[in-house]
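Using the sequences and the hints given, assemble the complete structure.
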Amino acid sequence: MSAATLFGLCAAALIGIGLYGLIVNPHPLRKILAFNVIGSGVFILFGAIARRGAAAGIGGDPVPQALLITGIVVAFSATALAVALLLRLFEETGSVTLASDAPDKTQPGTDDA
Amino acid sequence: MLTTPGGILLVLAVLVPFVGVLVGLVLGGRHAQRVAAVTLLAGLAIVGGAATTLLQSGDTVVYLLGGWAPPLGIALRADSLSVGMMLAVAVVVCGIGLYARSDFGNAAGAPEARASFTYWLLLLAVWGSLNLVFVSGDLFTLYVALELLTFSGVPLVCLDGRGETLRAALRYLLFALAGSLLYLLGAVLLYGAYGTLDIALLAERIRPEPVAWTVSALMTVGLLAKTALFPLHLWLPPAHAGAPAAASAVLSALVIKGSWFLVVRLWFDVMPGVVTLSAAQLLAGLGAAAIVVGSVVALRQERLKLLVAYSTIAQIGYLFLMFPLAFDAAGSTLVHGPALTGGLLQAVSHATAKAAMFMAAGLIYAALGHDRIADLAGVARAMPITVLTFALAGLALMGVVPSGAYLAKKLLLDAADSSGQWGWTMVLQGGAVFTAGYVVLVLAHALRRPPGPVPPVKPVSRLSEFAALALAVCSLLLAFAALPLPGKLISNPLAPAELGATLLVFLGGAALALGLSRRSLLAPGRAAAGGPLRRVAVTVGVAFEQADQEIRRWPSATLGLLALAALFGWLLAAH
Chain A
1 MSAATLFGLC
11 AAALIGIGLY
21 GLIVNPHPLR
31 KILAFNVIGS
41 GVFILFGAIA
51 RRGAAAGIGG
61 DPVPQALLIT
71 GIVVAFSATA
81 LAVALLLRLF
91 EETGSVTLAS
101 DAPDKTQPGT
111 DDA
Chain B
1 MLTTPGGILL
11 VLAVLVPFVG
21 VLVGLVLGGR
31 HAQRVAAVTL
41 LAGLAIVGGA
51 ATTLLQSGDT
61 VVYLLGGWAP
71 PLGIALRADS
81 LSVGMMLAVA
91 VVVCGIGLYA
101 RSDFGNAAGA
111 PEARASFTYW
121 LLLLAVWGSL
131 NLVFVSGDLF
141 TLYVALELLT
151 FSGVPLVCLD
161 GRGETLRAAL
171 RYLLFALAGS
181 LLYLLGAVLL
191 YGAYGTLDIA
201 LLAERIRPEP
211 VAWTVSALMT
221 VGLLAKTALF
231 PLHLWLPPAH
241 AGAPAAASAV
251 LSALVIKGSW
261 FLVVRLWFDV
271 MPGVVTLSAA
281 QLLAGLGAAA
291 IVVGSVVALR
301 QERLKLLVAY
311 STIAQIGYLF
321 LMFPLAFDAA
331 GSTLVHGPAL
341 TGGLLQAVSH
351 ATAKAAMFMA
361 AGLIYAALGH
371 DRIADLAGVA
381 RAMPITVLTF
391 ALAGLALMGV
401 VPSGAYLAKK
411 LLLDAADSSG
421 QWGWTMVLQG
431 GAVFTAGYVV
441 LVLAHALRRP
451 PGPVPPVKPV
461 SRLSEFAALA
471 LAVCSLLLAF
481 AALPLPGKLI
491 SNPLAPAELG
501 ATLLVFLGGA
511 ALALGLSRRS
521 LLAPGRAAAG
531 GPLRRVAVTV
541 GVAFEQADQE
551 IRRWPSATLG
561 LLALAALFGW
571 LLAAH
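Chains as they are written, first to last, in this note's numbering: chain A, 1 to 113; chain B, 1 to 575.
Since the hints were made in silico from the structure, they are not lab data. Each hint should be verified, as a subset may be incorrect.
[Said to hold, decoys possible] The following label-pair restraints were derived from C-beta to C-beta distances:
(1) Ala12(A) x Val335(B): 50 to 60 angstroms
(2) Gly59(A) x Ala69(B): 19 to 29 angstroms
(3) Glu209(B) x Gly16(A): 17 to 27 angstroms
(4) Thr97(A) x Leu567(B): 28 to 38 angstroms
(5) Leu27(B) x Leu29(A): 28 to 38 angstroms
(6) Ser556(B) x Ser2(A): 37 to 47 angstroms
(7) Val335(B) x Ser2(A): 38 to 48 angstroms
Glycine included, every Cβ here is placed at the ideal spot set by N, Cα and C.
In structure tokens:
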């Protein structure tokens, strides 16, 4: 088995684990982590593809590596935004559930409009 | 391939809004609105320039970044599709900008507000990202554009910082991220198989084989999650209904069009020979389901903004009806033709009409301090312009002559005729009845005489009212903008056949509203009025509501995402 294939299988496993986590975990922070696990899987796959494209004395195809860096930056910003929203949600409501019928911290009787 | 004359306009169309964001950020809250106003005007001029360039040359406008041609470099391309969408978005953004002056304007001497500062910058960011989506020539730039669009759309949901809206924003962000990962995975696999992500080069190299089927399924479903096509709409109702009206208008009219446009690009320009008729029929089938479920649940809503949000879900369904109708006679390749033009017109007319509708709902909320549909009696007398706006936007969505939706329906019906796909004719004709249902419901309540004296309303900005009205009128007269199209597509709106059809649509809509609405329309005082027919209808309505709630749970929606991907893959491979 070549290194590229091994990395490809590893990527598939990471994506699978991440998807499982994304579906079954109700906690938003775990969903954010699951998103990052899937992201890592996709990035490893891209790395393996870059390696497979090695030619002309270069160790790997440089285009996927450039795209990879951009992808990581995008995933990082997404994570930062999600965590910021989560922290703000906790400050406002005192809980982090995503269920739409969860009660707010505002006292009954006070007008929240 | 070289940069064409006027290609620089494409760069400017993307760059100018983002420069506006940065300048606004540096100058601070007091100047954000002014910066936005200048940027909106400049952007409008640039998009107008790009449209003129395209009309004069009649060919795709291209700009090569740094002078490097693909596959080494990155190209920006604008064909008639992109320029049409850019023009529509520019008009709607300017309309929304006028409307938002009263909500998010900085009054002289007032302390600077964070919400208004954020709003203007995000409005510009949404615009810039959308322009990037329309002109990008390669799938990775499109990925970045799509993420920018999501990142600028999500904070719009929670501008007021209430817990409920933060929750809606987080749900939206997480589900959209799941969708974008599927898209990115598809892009990675495409690069691995074909060694390029440039749309024009990919279209030449791609073959119907397992990797292309997988990629097409993954990318399509990822984009559907971001567009909120039924059954992947879990995030849309709370997000669009909870946001301030000026933000809802942006989200509902514009943001979802970005990912929709990308599906169109993918199917028509990247893999027209890979996708199959059966997969397109699945896409349109989901659209038809969205129309029925979205409209019925909209009729069951108590609050006006939620009703408009569910109507968006139904209207998203319409946008996907064109896919099976755009296949060539042999049913093997997607072609640019009348059906695609129809789909594009539908998107533009929905963008203008839905923005107007959300604005009208926001004005009613601002004036009354609530938006309970059952308590709207007397509104038509207190704010006639706003109710007229809602009615005109509703007519435009229904596809009454000479609205853009009418022309779109005509084009799609012709396409259905010529390709012999009779089933979709029924959906196209019947969909208007569902739209009429919730428009009639709202108007019936708004036009009713109030039991006591007309309730006092807070005065609202005239400018906002007229901005909303202008967008509604735009949508209603859109067919005239498309006059150069061949054939006699616009018939006399007062001809007996047209009047009859409109009347039928209204009667059907009224019947739906009578049967399904939460409060009985005829006797608003009594909760449980009506005969056995009404009881049956209410049972059906409640069943739809419960089904919608089940589908909108996180596990079922994410499983639905994967199941749909598998189904698309199978339909593509089984050809």
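Against the structure, the hints come out as follows:
1. Ala12(A) x Val335(B): 50 to 60 angstroms: violated, 36 angstroms
2. Gly59(A) x Ala69(B): 19 to 29 angstroms: Given about 26 angstroms between the Cβ atoms, the range holds.
3. Glu209(B) x Gly16(A): 17 to 27 angstroms: holds, 23 angstroms
4. Thr97(A) x Leu567(B): 28 to 38 angstroms: Check passed, 31 angstroms falls within 28 to 38 angstroms.
5. Leu27(B) x Leu29(A): 28 to 38 angstroms: holds, 36 angstroms
6. Ser556(B) x Ser2(A): 37 to 47 angstroms: holds, 40 angstroms
7. Val335(B) x Ser2(A): 38 to 48 angstroms: holds, 42 angstroms
Going down the numbered hints, you'll see the structure goes against just number 1.
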